[in-house]
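Chains B and S, in that order, are what the protein sequence lines are.
One point on numbering: in numbering that gives the first Met the number 0, the residue at position 150 of the first sequence is 149, and numbering is uninterrupted.
One point on numbering: in numbering that gives the first Met the number 0, the residue at position 708 of the second sequence is 707, and numbering is uninterrupted.
Treat the hints with care, since some could be wrong.
[As the list claims (entries may be wrong)] 25 angstroms max Cα-Cα, derived SDA-like pairs, lysine to any residue:
| hint | chain 1 | residue 1 | chain 2 | residue 2 |
| --- | --- | --- | --- | --- |
| 1 | B | LYS201 | S | THR621 |
| 2 | B | LYS59 | S | LEU549 |
| 3 | B | LYS227 | S | LEU545 |
| 4 | S | LYS50 | S | VAL188 |
[Said to hold, decoys possible] Cβ-Cβ distance ranges computed for the label pairs, FRET-style:
| hint | chain 1 | residue 1 | chain 2 | residue 2 | range |
| --- | --- | --- | --- | --- | --- |
| 5 | B | GLU29 | S | ASP458 | 33 to 39 angstroms |
| 6 | B | TYR170 | S | LEU231 | 55 to 61 angstroms |
| 7 | B | TYR170 | S | THR232 | 51 to 57 angstroms |
| 8 | S | GLY89 | B | GLY234 | 40 to 46 angstroms |
| 9 | S | GLU193 | B | TYR170 | 57 to 63 angstroms |
[As the list claims (entries may be wrong)] Calculated from the model, a selection of chain S residues having no Cβ within reach of chain B, i.e. all distances over 10 angstroms:
| hint | residue |
| --- | --- |
| 10 | ASN79 |
| 11 | ILE110 |
| 12 | VAL421 |
| 13 | SER475 |
No lab work stands behind these hints, which were simulated from the structure alone.
We put the beta carbon where it would ideally sit given N, CA and C, even for glycine.
The lines below spell out each chain.
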Amino acid sequence: MKSLTKSFNSLLLAATVVMPVMALAETAEEKGLAISKEAKVRDLGWADMQADMRMVLRNKQGQESLREIRMKSLEVADDGDKSLTVFDKPRDVKGTAFLSFSHPVGADDQWLYLPALKRVKRIASRNKSGPFMGSEFAYEDLTSFEIEKYSYKYLRDEACEGGTCFVVEQYPVDKHSGYTRRVVWIDQNEYRIWKVDFFDRKNSPLKTLTFEGYNQYLSKYWRADLQKMVNHQNGKSTDLVWSDYRFQTGLSDSDFNKNTLKRAR
Amino acid sequence: MDFMLTIRHKTGLAMKNRLFRAVTDYPVWVVTLTLLLVFAAAAGAPNLVFKSDYRVFFSEENPQLTAFEAMQRVYNKSDNVSFVIAPEDGNVFTPEHLAAVQKLTTEAWQIPYSTRVDSITNFQHTWAEEDDMIVEDLVLEPETLTDEDMPRIRQVATSEPLLVGKLVSPEGHVNVVNVTVQLPGVNPVTEVPEVTAKVREIKAQFEAANPDSKVYLSGVVMMNNSFAESSLTDNATLVPLMFGVVLLGMIIMLRTFSGTFATVLIIIFSIVSTMGIVGWAGFFLTGPSASAPTMILTLAVADCVHILTTMFYEMRQGVEKRKAIIDSLKINFQPILLTSVTTAIGFLSMNFSDSPPFRDLGNMVAIGVMLAFVFSVTVFPALLMILPVKIKPRPEGKRDLMHKLSDFVIANRRKLLPGMSVVMLTLVAFLPQNKLNDDFVKYFDTSVPFRQATDFMQDNLSGMTNVEISIDSGESSGINSPQFLKVMGDFSSWLRAQPETDHLNTLSDTIKRLNKNMHADDESYYKLPEDRELSAQYLLLYEMSLPYGLDLNDQLNVDKSSTRMIVTLRNMTSKEMVAVENRIYQWFEANAPQLTVHVASPNLMFAHIGQRNIQSMLIGTTVALILISVLLGIALRSVRYGFISLLPNLAPAAMGFGLWYMIDGYVGLALSIVAGMTLGIVVDDTVHFLSKYLYARNKRGASSEEAVSYAFASVGRALWITTLVLVAGFMVLAQSSFKVNADMGLLTAITILIALVVDFLFLPPLLMKLDNHVSAKKGDRNEVVN
Numbered sequence: 000m001k002s003l004t005k006s007f008n009s010l011l012l013a014a015t016v017v018m019p020v021m022a023l024a025e026t027a028e029e030k031g032l033a034i035s036k037e038a039k040v041r042d043l044g045w046a047d048m049q050a051d052m053r054m055v056l057r058n059k060q061g062q063e064s065l066r067e068i069r070m071k072s073l074e075v076a077d078d079g080d081k082s083l084t085v086f087d088k089p090r091d092v093k094g095t096a097f098l099s100f101s102h103p104v105g106a107d108d109q110w111l112y113l114p115a116l117k118r119v120k121r122i123a124s125r126n127k128s129g130p131f132m133g134s135e136f137a138y139e140d141l142t143s144f145e146i147e148k149y150s151y152k153y154l155r156d157e158a159c160e161g162g163t164c165f166v167v168e169q170y171p172v173d174k175h176s177g178y179t180r181r182v183v184w185i186d187q188n189e190y191r192i193w194k195v196d197f198f199d200r201k202n203s204p205l206k207t208l209t210f211e212g213y214n215q216y217l218s219k220y221w222r223a224d225l226q227k228m229v230n231h232q233n234g235k236s237t238d239l240v241w242s243d244y245r246f247q248t249g250l251s252d253s254d255f256n257k258n259t260l261k262r263a264r
Numbered sequence: 000m001d002f003m004l005t006i007r008h009k010t011g012l013a014m015k016n017r018l019f020r021a022v023t024d025y026p027v028w029v030v031t032l033t034l035l036l037v038f039a040a041a042a043g044a045p046n047l048v049f050k051s052d053y054r055v056f057f058s059e060e061n062p063q064l065t066a067f068e069a070m071q072r073v074y075n076k077s078d079n080v081s082f083v084i085a086p087e088d089g090n091v092f093t094p095e096h097l098a099a100v101q102k103l104t105t106e107a108w109q110i111p112y113s114t115r116v117d118s119i120t121n122f123q124h125t126w127a128e129e130d131d132m133i134v135e136d137l138v139l140e141p142e143t144l145t146d147e148d149m150p151r152i153r154q155v156a157t158s159e160p161l162l163v164g165k166l167v168s169p170e171g172h173v174n175v176v177n178v179t180v181q182l183p184g185v186n187p188v189t190e191v192p193e194v195t196a197k198v199r200e201i202k203a204q205f206e207a208a209n210p211d212s213k214v215y216l217s218g219v220v221m222m223n224n225s226f227a228e229s230s231l232t233d234n235a236t237l238v239p240l241m242f243g244v245v246l247l248g249m250i251i252m253l254r255t256f257s258g259t260f261a262t263v264l265i266i267i268f269s270i271v272s273t274m275g276i277v278g279w280a281g282f283f284l285t286g287p288s289a290s291a292p293t294m295i296l297t298l299a300v301a302d303c304v305h306i307l308t309t310m311f312y313e314m315r316q317g318v319e320k321r322k323a324i325i326d327s328l329k330i331n332f333q334p335i336l337l338t339s340v341t342t343a344i345g346f347l348s349m350n351f352s353d354s355p356p357f358r359d360l361g362n363m364v365a366i367g368v369m370l371a372f373v374f375s376v377t378v379f380p381a382l383l384m385i386l387p388v389k390i391k392p393r394p395e396g397k398r399d400l401m402h403k404l405s406d407f408v409i410a411n412r413r414k415l416l417p418g419m420s421v422v423m424l425t426l427v428a429f430l431p432q433n434k435l436n437d438d439f440v441k442y443f444d445t446s447v448p449f450r451q452a453t454d455f456m457q458d459n460l461s462g463m464t465n466v467e468i469s470i471d472s473g474e475s476s477g478i479n480s481p482q483f484l485k486v487m488g489d490f491s492s493w494l495r496a497q498p499e500t501d502h503l504n505t506l507s508d509t510i511k512r513l514n515k516n517m518h519a520d521d522e523s524y525y526k527l528p529e530d531r532e533l534s535a536q537y538l539l540l541y542e543m544s545l546p547y548g549l550d551l552n553d554q555l556n557v558d559k560s561s562t563r564m565i566v567t568l569r570n571m572t573s574k575e576m577v578a579v580e581n582r583i584y585q586w587f588e589a590n591a592p593q594l595t596v597h598v599a600s601p602n603l604m605f606a607h608i609g610q611r612n613i614q615s616m617l618i619g620t621t622v623a624l625i626l627i628s629v630l631l632g633i634a635l636r637s638v639r640y641g642f643i644s645l646l647p648n649l650a651p652a653a654m655g656f657g658l659w660y661m662i663d664g665y666v667g668l669a670l671s672i673v674a675g676m677t678l679g680i681v682v683d684d685t686v687h688f689l690s691k692y693l694y695a696r697n698k699r700g701a702s703s704e705e706a707v708s709y710a711f712a713s714v715g716r717a718l719w720i721t722t723l724v725l726v727a728g729f730m731v732l733a734q735s736s737f738k739v740n741a742d743m744g745l746l747t748a749i750t751i752l753i754a755l756v757v758d759f760l761f762l763p764p765l766l767m768k769l770d771n772h773v774s775a776k777k778g779d780r781n782e783v784v785n
């Protein structure tokens, strides 16, 4: 018994000596993946979520324009999340509802209910890289984060808003993505994203997204109240202001199908 | 008063004499000092870089530029590169060609600062299958395409209003890949060449992989690049050519090697220090101002020729070299100072121009001319002292060409005066017939690849002439209102029906197509919806399915309160262009006065600049004329002859423009500055002729005829030689591939030549007529008194 404890102790000792060496042996790609996995794991289990979003668009002239939407999301294990978006503003799109089953790889399933036409239309498009409602956010910037969507590379540690951050580079797998890479700042305590730099198809700086006002919900899930996207090439910017986050409200698959889309308002 | 003037005059004279002695006593020091100064100035030349951007032609306060820039801030910028691709077999719609075009389209995203790439392959084709709406690249996976797919793709491409006439020809034999580039404007010197280098690399790759297709490069970026390249190749060929002309001309006419060598050095010093000084001063080069070296070269020769002619004349009379040099300086100092100042004033009048590159050109040449003067009276005599100059004494030919000309003029004065008057009036009568035109494509001659590409694109698809129209509804999301949509639709139809229209890019087409798609592709729904929500929701749907870079942000503002259309027009003159602009405004006034409409584009900027520049240059030329006339009055010490000189000074430019109507008939930005510019140069002839004439009349008591004869004999030859050099110089400039400079050179050469003809054939008979008339009157009065 004693020898067992002893050998266990020596094993522990060996482990503490070897571990950092192993950590050193880990490649930048592996470390990047590990960080991203940890971030994903920490955000698992929220089941469903609802929130209101206000979008403020600004052009180079400083003119502003407002959009308001409500979002419902359903966590789906081993696939992309399902989401239902209802548009409130501008007034002429009020009641328009957008249902999306996102997939880590390949085209998403998407339906749109147009109240003026009183019909649900399925949209077949591989494109996720276009601007969402004319904003500086691409649709792909707003979909749920899935490990399979990118390959990774850890770059460095760096001080950031959330303390010390991992700086990780992400390379989109989807060839229809508008980006060659994203550089993401994730804090080491809570694995929250603080900043993302987007690089366009010719690898030039395109946009920067920053996160502000993180709150923790259900003592686990961190959500930011404000996301600011600035486009460096055209001088336009978009703010996303989130409010009324609600988790585990009891939504289920049946709230996310084509037939419920019409009643989504 | 007189006493003071005399003293001042005498001290001035003493100083001048001290200067002349110094430069001839210490020639090595003068040359060394000059070299040091020239090198110090030249060190600034590397700062002088070429700004390749058509916007440099417009001042900050230019209203058309302001309007265009405001529009670009609301929508996206529209600087572009067009790959115009022509397959040899005349068919774009083959699987191989489409695959190649798709590859090029993808590659084009790698062009620096590119923000958007449009071609027939990545066109977002939308169609319906029952309640599905499919949004897809028109050519998605070209490797899977077969010949059977071609008719479908051709049908879609050649019936889609967004594509046909712009990205593909109606016959399907030429297509365009259009790349929108958003230059940050941080470093205007390197950005355009950076883009161009990548564009050419892609073109070369494409041509290597597809030897059966020809690729032409057009678009605003290629034009900007051509401004720089065209000017630089010009300077590489024209400046040496001009040096050759000067060398040859001087050796033949003056028969001196040392004199020619010294003159060439003066020219080099003048050009190098001018470019260096403006480099230090923070100028940048542009198409027009890049012609400054050629102009300085041409104008600097005259000073040296005058000094050499007198010096050689003295030496032939047996005067030793040093004294001959000092004598020549004494005789020529005042005339060449005066002519340099008047020339500089003429060029400085270009500061009134609305277009900054011409202000720069004027200032550069003015600096160069004054430097050439300074060098001519300092380092030039010093060099002549150092260099061996041998002149065989020989008697001057008495009965030379000038004497014959002078005899002819005096003998035929009664026919020449009315005859020349008729010629002059006739030419001037054609002046108003010239049409205003600034077509920036035609700024380049057909040897420039950009011009060839654009002409090819114009002949096969549509031109580069476009006008952007922004229509503002005044309310958020207002573009979706049925009233606004109706106006947009009606206006689009009207504009398409205009004879000038080649292509129209309008959102109303997209909305019509979406309406059709939303009704299971039923053709009867290819119309604008009459429901605001419907239109708004279509656009929302459509925007969500578009890929990166192919969004609607170049057609809609963030608020969706206004939309921008782009109409491509056939090639036309500035006047027609302005007429189209006015017609557009009139249409809105008559049909939709409640909407705010802005019309702007680079073409419109150029269409207006000729007019604006002519107005501003009229003021500039008048100011120059007044200043120069006052100077002449002082120099000739006579108000009467100051006024008489106005005629031969003003007539050549007016006649030149009259003649221009017969040569070309279109005047633009560049030619509007010629009047002011040539004024300072043509004045020189008049000054020399009149001063000699007056000298003979006043100092020698000669009759009008004798005075004319004296003037011909003493300055006829020098005027003839300098005019020849100037005409040759500006004719060299006329060979420029940059039409702005070429036209400027040609018209200036014509005007200078006309000025000499007027000074030889019109001014003497006029002087004889007026002066004989006066003396006859005096005679009458005397008789009465007696």
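Going down the list of hints, with the structure as the test:
{"no.": "1", "hint": "LYS201(B) with THR621(S)", "result": "54 angstroms, violated"}
{"no.": "2", "hint": "LYS59(B) with LEU549(S)", "result": "19 angstroms, holds"}
{"no.": "3", "hint": "LYS227(B) with LEU545(S)", "result": "22 angstroms, holds"}
{"no.": "4", "hint": "LYS50(S) with VAL188(S)", "result": "5 angstroms, holds"}
{"no.": "5", "hint": "GLU29(B) with ASP458(S): 33 to 39 angstroms", "result": "59 angstroms, violated"}
{"no.": "6", "hint": "TYR170(B) with LEU231(S): 55 to 61 angstroms", "result": "41 angstroms, violated"}
{"no.": "7", "hint": "TYR170(B) with THR232(S): 51 to 57 angstroms", "result": "44 angstroms, violated"}
{"no.": "8", "hint": "GLY89(S) with GLY234(B): 40 to 46 angstroms", "result": "43 angstroms, holds"}
{"no.": "9", "hint": "GLU193(S) with TYR170(B): 57 to 63 angstroms", "result": "25 angstroms, violated"}
{"no.": "10", "hint": "ASN79", "result": "15 angstroms, holds"}
{"no.": "11", "hint": "ILE110", "result": "7 angstroms, violated"}
{"no.": "12", "hint": "VAL421", "result": "60 angstroms, holds"}
{"no.": "13", "hint": "SER475", "result": "6 angstroms, violated"}
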